[in-house]
Amino acid sequence: MKGLLSRLAQVTVILLILTSTVVFSKETPVSVLVNVEVQTDALTSSQLRKIFSMRQTVWPDGQPIIVFVLKTESAAHQALCKDVLKMFPYQIERLWNKLAYSGLGDKPTELSNQKEMLEKLQQTPGAIGYMLNINSGNKIKKIEVVGE
Amino acid sequence: MKLKVILLTLICFLNVALSFNANASDQFNWRGFVAQGVIQAQNSNYIDDDGDATLKLTEVGINASYTLDTNFRVAGQIVYLNGGNRYPEGLRVDYLFLDWRAINSLDWQVNMHLGRVKNYHWIYSSTRDVPHTRPTIILPQSIYFDAFRDVALGVDGVAIVANTANALGEWEFNWSYGNSPISEEQTKNLIAVTASGDIEQKFVHQGNLVWHNQALRFSAGLLDSKFKYVSGDQDAFIDGDAQIQRLMLHGTYDAKHWQLAFELFRERSIYEDLIFPGFINDSTSEGGYIQGRYFINKDITATARLDIFDLDRKDRSGEKRAALSGGTVPAYFGFQDQFTLGASWTFSENWQLQAEFHRVKGTGRLAPVFLPNTIQNDHKYWNIWGIQLAHWF
Chain U
36 MKGLLSRLAQ VTVILLILTS TVVFSKETPV SVLVNVEVQT DALTSSQLRK IFSMRQTVWP
96 DGQPIIVFVL KTESAAHQAL CKDVLKMFPY QIERLWNKLA YSGLGDKPTE LSNQKEMLEK
156 LQQTPGAIGY MLNINSGNKI KKIEVVGE
Chain H
-12 MKLKVILLTL ICFLNVALSF NANASDQFNW RGFVAQGVIQ AQNSNYIDDD GDATLKLTEV
48 GINASYTLDT NFRVAGQIVY LNGGNRYPEG LRVDYLFLDW RAINSLDWQV NMHLGRVKNY
108 HWIYSSTRDV PHTRPTIILP QSIYFDAFRD VALGVDGVAI VANTANALGE WEFNWSYGNS
168 PISEEQTKNL IAVTASGDIE QKFVHQGNLV WHNQALRFSA GLLDSKFKYV SGDQDAFIDG
228 DAQIQRLMLH GTYDAKHWQL AFELFRERSI YEDLIFPGFI NDSTSEGGYI QGRYFINKDI
288 TATARLDIFD LDRKDRSGEK RAALSGGTVP AYFGFQDQFT LGASWTFSEN WQLQAEFHRV
348 KGTGRLAPVF LPNTIQNDHK YWNIWGIQLA HWF
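Protein chains in written order, with the numbering used here: chain U, 36 to 183; chain H, -12 to 380.
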């Protein structure tokens, strides 16, 4: 066991070095958008990970967070995972499955396209979602992503 | 305890539900899964006594959750399982609990669960019966010992799940306390087929702390549990006690196209009386696995895993135990090393086909635990293969 632990420690150090050098682009075509009535204007990547992985379920003012997502294969979802959440799409899908089948939480609502996403964000109080190449619009606002 | 906790949860649920007039359809979610496979464990009683190919690989579940308000929800799941000798066949309440979101801020999330709660402490423990959430049909037996499944699945009691983040990374803390009901069949799995008494789990107390960033995840955890055996009529065993204390470590590394995972444990087991007054057996087992997964494309994943288990760290070859038994228990009952190759294919949305092969050396993780079945498990080397179709919704 000691030998195995020592090997694991070595692998861990190597992996830590590898992961600490990963650089994510700050320029991203995806915008995190919320219903205009949401009082929050900026969130960190860590807070967004908690929201999109369904662990954080209310806004600071107590309003429930309603999470909308697009299909995993969509360019917007891929960009959200890579540039904003800094996760691989399979990681967040695995988290949703763990929540949904162990009672810890519920999966977000999946929408079929950006048009539907825009409508849901405009119509649903407390809604959060994301779209490509859209920074503002009627009844929606962009969330500023501020660091980790 | 079991009925009390379930009733308490239901009463809480009904009380709070009746006080709300909100549109239930917006707050109610339900999901499920169904899976059927073919499996064979040649030269062992792991699946079936005769070692032939069998359809005893059925997993069906349906779950629902009801959000009462921003702080309270109720979640439950019923499953039907048939795994042959791996665990008792039938319908069971997998989990049913009241979920109180005690702290729900942007920086801290703390939930308390009351009722029948899942084991959130190991990598796959909370969804071990849900085919599309696990890497292989058969999980590594060093950690996910099937004969111990119902005991390890969760507890009737209370759990706390906490999440936060700071400059060092993201942190999770899981804690649980309670006990699990142990059926007659499970009692025979754990002790011996001749045991006619009842095992009562007095308590199981478990906690683990997890650190993770976006790629790496590490956890350290402790478990302490006590059991009591009350002998039955014309029982080969007498009243006795057992205590199990476990240290567990696990870690994962996620890359774009592959994933590494490991879990390790050291477990001290103390048995008192049980065979004759004054009998004491105090031994420490060790084990763990390392697993690699390669995502060939978005639909196909290949898995390779080496899993190692030693029943007694001071007798890794099992020779001392074999000698103590006068040769009736072969040395290969002292360990179980298992190499697995598998693949899963998501061939359509929410449909998955999973297939795998296991080469096994030793029989240390075959039931019954205390008094092994040396007649049916008469091979040091044996194989398992399985294929399973799963659909979830």
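Treat each hint with caution, since some may be false.
Cβ-to-Cβ under 8 angstroms is the rule here; a few derived chain U residues that face chain H [said to hold, decoys possible]:
(1) A77
(2) S81
(3) G97
(4) F103
(5) H112
(6) M122
(7) L130
(8) W131
(9) K133
(10) Y136
(11) S137
(12) L139
(13) D141
(14) P143
No lab work stands behind these hints, which were simulated from the structure alone.
Backbone N, C-alpha and C define an ideal beta-carbon position, used for all residues, glycine too.
Comparing the hints with the structure gives:
1. Checking A77/U against chain H: minimum C-beta separation of about 11 angstroms lies over 8 angstroms; hint violated.
2. Interface restraint check for S81/U: the shortest CB-CB distance to chain H comes to about 4 angstroms, inside 8 angstroms, so the restraint holds.
3. A hinted interface residue such as G97/U counts as satisfied when its beta carbon comes closer than 8 angstroms to some beta carbon of chain H; here the least separation is about 6 angstroms, so the hint holds.
4. Interface restraint check: F103/U against chain H, minimum CB-CB distance 14 angstroms, threshold 8 angstroms, status violated.
5. Hint status for H112/U relative to chain H: violated, with the closest Cβ pair at about 12 angstroms, above 8 angstroms.
6. Checking M122/U against chain H: minimum C-beta separation of about 5 angstroms stays under 8 angstroms; hint holds.
7. For the restraint placing L130/U at the interface with chain H, the shortest Cβ-Cβ distance is roughly 10 angstroms, beyond the 8 angstroms limit, so the hint is violated.
8. For W131/U, the interface hint is violated, the least distance from its beta-carbon to any beta-carbon of chain H being 10 angstroms, above 8 angstroms.
9. A cut of 8 angstroms between beta carbons decides the hint on K133/U: the least distance to chain H is about 6 angstroms, and the hint holds.
10. Taking 8 angstroms as the C-beta contact cut-off toward chain H, the hint placing Y136/U at the interface holds, the least distance being around 4 angstroms.
11. Because the closest C-beta pair between S137/U and chain H is about 4 angstroms apart, less than 8 angstroms, the hint holds.
12. Annotation: interface hint on L139/U holds; nearest CB of chain H at approximately 7 angstroms, less than 8 angstroms.
13. With its C-beta approaching chain H no nearer than about 5 angstroms, D141/U sits inside the 8 angstroms limit, and its interface hint holds.
14. Hint status for P143/U relative to chain H: violated, with the closest Cβ pair at about 11 angstroms, above 8 angstroms.
Comparing the model with each numbered hint stated earlier shows that hints 1, 4, 5, 7, 8, 14 do not hold.
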